[in-house]
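Engineer: Same order as they appear, the protein sequences are chains R and S.
Once you know that position 281 of the first sequence is 281 in the working numbering, the rest is easy, because the numbers rise by one and skip nothing.
Positions in the second sequence are counted from 1; adding 322 to them yields the working numbering.
Treat the hints with caution; some may be incorrect.
[What the hints assert, rightly or not] Here's a subset of chain S near chain R, in silico, CB distances under 10 Å, partners left out:
| no. | residue |
| --- | --- |
| 1 | Leu363 |
| 2 | Leu381 |
| 3 | Leu392 |
| 4 | Leu396 |
| 5 | Asp463 |
| 6 | Met466 |
| 7 | Gln583 |
| 8 | Ser593 |
| 9 | Ile600 |
| 10 | Val604 |
| 11 | Phe605 |
| 12 | Met609 |
[Unchecked claim] Not everything, but these chain R residues come out facing chain S in the computed CB check (under 8 Å):
| no. | residue |
| --- | --- |
| 13 | Ile15 |
| 14 | Leu18 |
| 15 | Val19 |
| 16 | Leu25 |
| 17 | Phe26 |
| 18 | Phe153 |
| 19 | Leu159 |
| 20 | Ile160 |
| 21 | Met244 |
| 22 | Pro246 |
| 23 | Phe264 |
| 24 | Ser280 |
| 25 | Tyr287 |
[What the hints assert, rightly or not] Lysine to aspartate or glutamate pairs mimicking DMTMM-like chemistry, simulated, CA-CA at most 25 Å apart:
| no. | chain 1 | residue 1 | chain 2 | residue 2 |
| --- | --- | --- | --- | --- |
| 26 | S | Lys360 | R | Asp66 |
| 27 | R | Lys187 | R | Asp101 |
| 28 | R | Lys187 | R | Glu214 |
| 29 | R | Lys102 | R | Asp181 |
| 30 | S | Lys360 | R | Glu214 |
| 31 | S | Lys360 | S | Glu348 |
These aren't lab readings, by the way, just hints derived from the structure by calculation.
In this text, a Cβ means the ideal position worked out from N, Cα and C, and glycines have one as well.
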Amino acid sequence: MTAYIIRRLILGVIILLLVTMMVFLFVRLLPGDPLMVFMGNYSPSTQINTMTSEQHDELMHQYGLDRPIYVQYIDWLNQVLHGNLGKSLRVGQDISLLIGDKIGRTAYIGTIIFIITTIGGILAGIYCALRRGTWIDNTITTIANIGMTVPVFWFGVLLIYLFGYQLHWLPFFQWKDPNQDFWYSCKYLIMPVASVALGGIAGMARLVRSCMLEVMRTDYVRTAWAKGLSERVIVVRHQLKNAMIPVVTALGGTLGGILGGSIFIENVFSIPGMGRLMTSAIFDYDYQIVQATALIFGGIIIFSNLIVDIAWGWLDPRIRLS
Amino acid sequence: MAKKSTDVSHNSDAMGAAVAPPHHSEWRRFARVFFGRKLYLIGFIIVVILILVAIFAPLIAPYDPNTNDLPNKLQGPSADHWFGTDKLGRDTFSRIVYGTQISMEIGFIAVFSSAIVGIIMGLAAAYFGGWVFAIIMRVTDAMMALPGIILVLLIAGLGGRGIPVVIFALGFGGIAGMCRMMCGQALSVTQNDYVMAARVIGMSNWRIMLTQIFPNAFPPLIVGLTMGIGGVVLGEAGLSYLGIGVPAPAPSWGGMVMDGQAYLLNNPLVSLIPGVAIMLLVFGFNMVGDGIRDAIDPRLRGVL
Numbered sequence: 001m002t003a004y005i006i007r008r009l010i011l012g013v014i015i016l017l018l019v020t021m022m023v024f025l026f027v028r029l030l031p032g033d034p035l036m037v038f039m040g041n042y043s044p045s046t047q048i049n050t051m052t053s054e055q056h057d058e059l060m061h062q063y064g065l066d067r068p069i070y071v072q073y074i075d076w077l078n079q080v081l082h083g084n085l086g087k088s089l090r091v092g093q094d095i096s097l098l099i100g101d102k103i104g105r106t107a108y109i110g111t112i113i114f115i116i117t118t119i120g121g122i123l124a125g126i127y128c129a130l131r132r133g134t135w136i137d138n139t140i141t142t143i144a145n146i147g148m149t150v151p152v153f154w155f156g157v158l159l160i161y162l163f164g165y166q167l168h169w170l171p172f173f174q175w176k177d178p179n180q181d182f183w184y185s186c187k188y189l190i191m192p193v194a195s196v197a198l199g200g201i202a203g204m205a206r207l208v209r210s211c212m213l214e215v216m217r218t219d220y221v222r223t224a225w226a227k228g229l230s231e232r233v234i235v236v237r238h239q240l241k242n243a244m245i246p247v248v249t250a251l252g253g254t255l256g257g258i259l260g261g262s263i264f265i266e267n268v269f270s271i272p273g274m275g276r277l278m279t280s281a282i283f284d285y286d287y288q289i290v291q292a293t294a295l296i297f298g299g300i301i302i303f304s305n306l307i308v309d310i311a312w313g314w315l316d317p318r319i320r321l322s
Numbered sequence: 323m324a325k326k327s328t329d330v331s332h333n334s335d336a337m338g339a340a341v342a343p344p345h346h347s348e349w350r351r352f353a354r355v356f357f358g359r360k361l362y363l364i365g366f367i368i369v370v371i372l373i374l375v376a377i378f379a380p381l382i383a384p385y386d387p388n389t390n391d392l393p394n395k396l397q398g399p400s401a402d403h404w405f406g407t408d409k410l411g412r413d414t415f416s417r418i419v420y421g422t423q424i425s426m427e428i429g430f431i432a433v434f435s436s437a438i439v440g441i442i443m444g445l446a447a448a449y450f451g452g453w454v455f456a457i458i459m460r461v462t463d464a465m466m467a468l469p470g471i472i473l474v475l476l477i478a479g480l481g482g483r484g485i486p487v488v489i490f491a492l493g494f495g496g497i498a499g500m501c502r503m504m505c506g507q508a509l510s511v512t513q514n515d516y517v518m519a520a521r522v523i524g525m526s527n528w529r530i531m532l533t534q535i536f537p538n539a540f541p542p543l544i545v546g547l548t549m550g551i552g553g554v555v556l557g558e559a560g561l562s563y564l565g566i567g568v569p570a571p572a573p574s575w576g577g578m579v580m581d582g583q584a585y586l587l588n589n590p591l592v593s594l595i596p597g598v599a600i601m602l603l604v605f606g607f608n609m610v611g612d613g614i615r616d617a618i619d620p621r622l623r624g625v626l
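Same shape as in the complex, but just chain R (with noise of 0.2 Å):
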């Protein structure tokens, strides 16, 4: 077990490595100037540019963008592993201090998704494996079927609609963070933790149900059900165990999807966390900053991964022995 939890921590680096060398390849080769921030009203379309070539040479040299671009690489990644993940260009902030609040008001939201999914996800999934067939598995494999359909964006404009303009319920503008006025940030969260949980909830109760239906035709099963055993040691100790292994592994892409989704939830929520941090840089063409906020997405994705491999491991000897 601790060879198979060094080498997936080993493997872990390597990705993490090659992500930083994605992220900075990408916002250094792709068309488009690092230092569009500078250039008066710029804009794609238009391309004026209100500099002259010898400011723009300099402001070059200032931010170290002169350099061949492996020097300029190790130097990040050395900054970056001191901690130092850079200034922003357009408001000349630490990026640190910048993301500061923004990546626990992130990290908050997507934890209660992350809760409500997989708890919501399973025990629908269990239910229709267990009543396959009953009118509730066929009502709920429908709404999952469509749920997996619906794009969160959409959707949070539809709550907001509904429960915001229509029927003046739950409060969609004016975000406060939950030690300032928790019952208010309680009920500002319902509608965002909605848009986001639906299409997981949805993904994870096919697969529950499909896995657990797999399960359901094994020997070992039926061996359980001639032994006499009951409903309830068969449906929790032979199946549901061995119908979580993929679920497990499944879990790092649901965290990958509530993170996607939450770019999208506080854009139309108007919550001030990571997304909308990195939406908004995009658009500024802060690159320190877009390059630091995918960077981190990108970490705590391979360290979630890291942990579903390690418990995979531990859950099934089959995987760390091969």
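With the hints as your guide, set chain S onto chain R.
Structural biologist: The following block gives chain S in isolation, referenced to the frame of chain R:
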């Protein structure tokens, strides 16, 4: 259950005749499963209708999608404007119809280009193994470590605005998944004796990959390709909603949701109808994908 018994009788007929079943029977069996279930049939019809709408958009749409008509802005639904008009008086129905073109174009081009790159990478990884496999797998690991939408945002956001950038971003995001799928399939196909036979008679590596492994590993990928189109359309809508996708005057569904959001009280349909269109399209392609999977995988037939 009824399906199963017909399958058995079909097989025994073929065996009784002691000849290989006629070539078209595979296709007929596929069609029976695929069109046998209502949900798949509905999905197929939705996809066909939407493709026709995209092709014949200029004939279907009653108005030009980009012509402003300010005196008639933000009207509710009426006989003239089925879904009303937006903040510039443009007809929502016509914009939805033309939006089908944009979504389909981006969906098909992005999925097929990512499939070509992903399939070549996957084939190479599975066939050569060793360090080629290790490098390609680590690269796809890294591409998959970033949540799809963040990778796409990164490319689309910094690469400028426009449909080609959106296609590149979404296509790039799909490569890793395609490569993984192809690699998995190709690994099992490579074990077959006919691949060894091809090697023994001295076929070149590329010829073996293209004529022996690829045709046998490809069918399951059709499912991924079909569902990929739905995924890309969702991604495009998301990018356009954030204002990073298809640029403004073009009638992209995601952009329409954003446009209408500020006028939900005047005419909610401007924002809400494009979402229904997105859902229909994604649902259609998902169902077609499910249907193909059911039809080509005998293990799943009639069970899930």
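Engineer: Could you run down the list of hints and mark each one as holding or not?
Structural biologist: Now the hints, each set against the structure:
1. Leu363: violated (15 Å)
2. Leu381: At about 27 Å, which exceeds the 10 Å cut-off, the nearest Cβ of chain R leaves the hint on leucine 381 of chain S violated.
3. Leu392: violated (23 Å)
4. Leu396: violated (15 Å)
5. Asp463: holds (5 Å)
6. Met466: holds (8 Å)
7. Gln583: Holds, about 6 Å.
8. Ser593: holds (5 Å)
9. Ile600: At 5 Å from the nearest chain R Cβ, isoleucine 600 of chain S passes the 10 Å test, so the hint holds.
10. Val604: holds (4 Å)
11. Phe605: With a closest approach of 5 Å, the phenylalanine 605 of chain S hint holds.
12. Met609: holds (8 Å)
13. Ile15: holds (5 Å)
14. Leu18: At about 3 Å, which falls below the 8 Å cut-off, the nearest Cβ of chain S leaves the hint on leucine 18 of chain R intact, so it holds.
15. Val19: With a minimum Cβ separation of about 5 Å from chain S (threshold 8 Å), the hint on valine 19 of chain R holds.
16. Leu25: violated (10 Å)
17. Phe26: holds (5 Å)
18. Phe153: Check passed: Cβ of phenylalanine 153 of chain R comes within 5 Å of chain S, closer than 8 Å.
19. Leu159: violated (11 Å)
20. Ile160: holds (7 Å)
21. Met244: Methionine 244 of chain R check fails; min Cβ-Cβ to chain S is 18 Å, beyond 8 Å.
22. Pro246: violated (14 Å)
23. Phe264: Result: holds, 6 Å to nearest chain S Cβ.
24. Ser280: violated (10 Å)
25. Tyr287: holds (7 Å)
26. S/Lys360 - R/Asp66: violated (62 Å)
27. R/Lys187 - R/Asp101: holds (20 Å)
28. R/Lys187 - R/Glu214: violated (40 Å)
29. R/Lys102 - R/Asp181: At roughly 17 Å apart (the allowed maximum being 25 Å), aspartate 181 of chain R and lysine 102 of chain R satisfy the hint.
30. S/Lys360 - R/Glu214: holds (23 Å)
31. S/Lys360 - S/Glu348: holds (21 Å)
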